[in-house]
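2 protein chains.
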Amino acid sequence: MSVTAAQGFTAAGIAAGIKENGNPDLALVVNTGPRRAAAGVFTSNRVKAAPVLWSEQVLKSGQVSTVVLNSGGANACTGPKGFQDAHATAEKVAEVLGRGAIEVAVCSTGLIGLLLPMDKLLPGVETAASQLSEHGGEKAAIAIKTTDTVHKTSVVTRDGWTVGGMAKGAGMLAPGLATMLVVLTTDADLDDEVLDKALRAATRTTFDRVDSDGCMSTNDTVLLLASGSAGVTPGYEEFAEAVRQVCDDLGQQLIRDAEGASKDIKVEVINAATEDDAVEVGRSIARNNLLKCAIHGEDPNWGRVLSAIGTTSAAFEPDRLNVAINGVWVCKNGGVGEDRDKVDMRYREVHIVADLAAGSETATIWTNDLTADYVHENSAYSS
Amino acid sequence: MSVTAAQGFTAAGIAAGIKENGNPDLALVVNTGPRRAAAGVFTSNRVKAAPVLWSEQVLKSGQVSTVVLNSGGANACTGPKGFQDAHATAEKVAEVLGRGAIEVAVCSTGLIGLLLPMDKLLPGVETAASQLSEHGGEKAAIAIKTTDTVHKTSVVTRDGWTVGGMAKGAGMLAPGLATMLVVLTTDADLDDEVLDKALRAATRTTFDRVDSDGCMSTNDTVLLLASGSAGVTPGYEEFAEAVRQVCDDLGQQLIRDAEGASKDIKVEVINAATEDDAVEVGRSIARNNLLKCAIHGEDPNWGRVLSAIGTTSAAFEPDRLNVAINGVWVCKNGGVGEDRDKVDMRYREVHIVADLAAGSETATIWTNDLTADYVHENSAYSS
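Residue numbers (the UniProt record's numbering), protein chains in the order written: chain A, 1 to 383; chain B, 1 to 383.
Bound conformation, chain A alone (with noise of 0.2 Å):
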């Protein structure tokens, strides 16, 4: 039911040729109820795409309508004329729906420095707002794919109010946000602060610890858009708890989805003396090449997650690590530990401890494995 199973929602998703594929490439997420907060989370890549430039002006008046999103084009290093496109989008869907130009929100997705064929998207938008939905929210999810091979939804419904959302990611993801579109929505009747609280909240601990592949992006964006169609106003603990559930099913998807991955890997750094010191070494494990290539292959090779720890500055004694791989201690004391091939690393899930014996932190990082599918993908085709 992806971003119209709250109330107050419509939705719709459809090809306007901005692919030469003809797959769906434009997708309308509406705000039809009472309220119209909103908070959004934006990529910190200091070179941002003309969208993502356009969009945080829009949410600083806690404001959304509208959101519209394109796959087939990431208008990233387009210069000017591409902050004029996102512009004409957003004045475009505000002449079609008669809503104000400064309440839509645009998304792109795709390869970058190529201009958007606006002679396509323009039009589309017209149509696509012609088969606005309160059932569209999965075709919304399909059109905003690129390289994902299928699309990924969630809803957590309450007593009385629901939250649901859609997301698109497969490829140049990493932290600071992992490379994604993500619009979710809500009918619980808040205010565009405690969405901004609690959006800020559940991405820190979700798609900012999702890192597929090292890679940030200049697009990424994560919208939260509540009607107040429900007439419920939850307390801020339970609403924000549902939010992190949605971002953290979306983000699994996105992991299980990654390009040309075949493990999903689960990097969790324990006994950390700060949670920024377990995230720094989940990520430097979550990064290494050579650690990936290892568990592509069902290799233990708890020597290149040592070897990846002692890149950071988190606090901990060399002599005193401990690393389990799938439940095996293959490392102890920083040294050799249980027998290696007691490790069963068949599955797609792997699950990776690393003990820092240095307090009572944690973090978990979600990543992928290195494969040669992963070249290919990224090295036969721009995208």
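To be clear, the hints were calculated from the coordinates, so they are not data collected in a lab. Don't take every hint at face value.
[Said to hold, decoys possible] Mimicking DSS-like on lysine-lysine, the simulated pairs with C-alpha atoms at most 30 Å apart in a straight line are:
| hint | chain 1 | residue 1 | chain 2 | residue 2 |
| --- | --- | --- | --- | --- |
| 1 | A | Lys342 | B | Lys197 |
| 2 | A | Lys81 | A | Lys60 |
| 3 | A | Lys342 | B | Lys120 |
| 4 | A | Lys60 | A | Lys197 |
| 5 | B | Lys120 | A | Lys332 |
| 6 | A | Lys342 | A | Lys263 |
| 7 | B | Lys81 | A | Lys332 |
Because the structure is a prediction, the values reported are computed rather than measured.
Position chain B relative to chain A; hints supplied.
Frame of chain A; chain B shown alone:
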């Protein structure tokens, strides 16, 4: 001629049986000159192999009479027993050669987390000592190979004095020294302080800027030994430049032999506000897996260069960035530049210039492309 090009050094390389395949795996480099001055630079990885911990102690005196090196095992993450083994190796060398163990540096390379077969290594020291020769540099260079397909040596000769050296390294190549063992020798008559200054200056702009796969080793060691046998004391600048040239040449050889690579990529950052900015940006570009895949596919994907620059803290304005690939300015002012179809990427060397338009500093980082062969080599075998 390797480490025996300079007068006052003998060397040997033999097969001690540390490697199961019977290839050469043990080398000795002995200073026979009137001086035993030395300097060393070691991995900045906080998880340091036992031989690194030992050799760091040795270098504190500024005196090294002998270097013993083995391939076939890194002696890293091997706990107290591993340190005892490194110490015992130095003691054995000292006993056989009639020298003090505290002047014997030890270097190891190979798989992390396995104890060395001391029953083979120690007898091997005796065999190697019996074969020491003024012509042994080549054999020593061969004995330290791991996944290297060729051995690496370099020599610079000046008026009456020489700097020569050998290197190994093909994977886990990253900064704070690429994963490597390097021994440089000179017959110039210089003290350890001059050697240290020249060596640090040289590695800072050569080995430290070789970044094949972003993975930092536990064993990196670069040593410079001076015998004084030439009886010549060159000026500092002239000597430092000779050391830099040898380091640069060996660094290039490491890149050209990197595991699975099909392209050698020179990332030149120009017009940076500071040299640190230039290095940070160069490293970020050099470590971007998506870009490395694109280069492998001969795709001049400058958007991935910009997204890598955008993750740094360097001074720049996104709309003033320029990028050239093999001489074609495919990105100008943060947007589309010259026709990307003009970029010829058929040859092994690829030259990326990133113009930050923020100052006048520059730095060059060397890296490789990311290939299916790299994945295969690092997933199919423990190394």
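Checked hints:
no.	hint	in the structure
1	A:Lys342 - B:Lys197	violated, 49 Å
2	A:Lys81 - A:Lys60	holds, 23 Å
3	A:Lys342 - B:Lys120	holds, 28 Å
4	A:Lys60 - A:Lys197	holds, 14 Å
5	B:Lys120 - A:Lys332	holds, 26 Å
6	A:Lys342 - A:Lys263	holds, 19 Å
7	B:Lys81 - A:Lys332	holds, 14 Å
Checked against the numbered hints above, the structure breaks only hint 1 and satisfies the rest.
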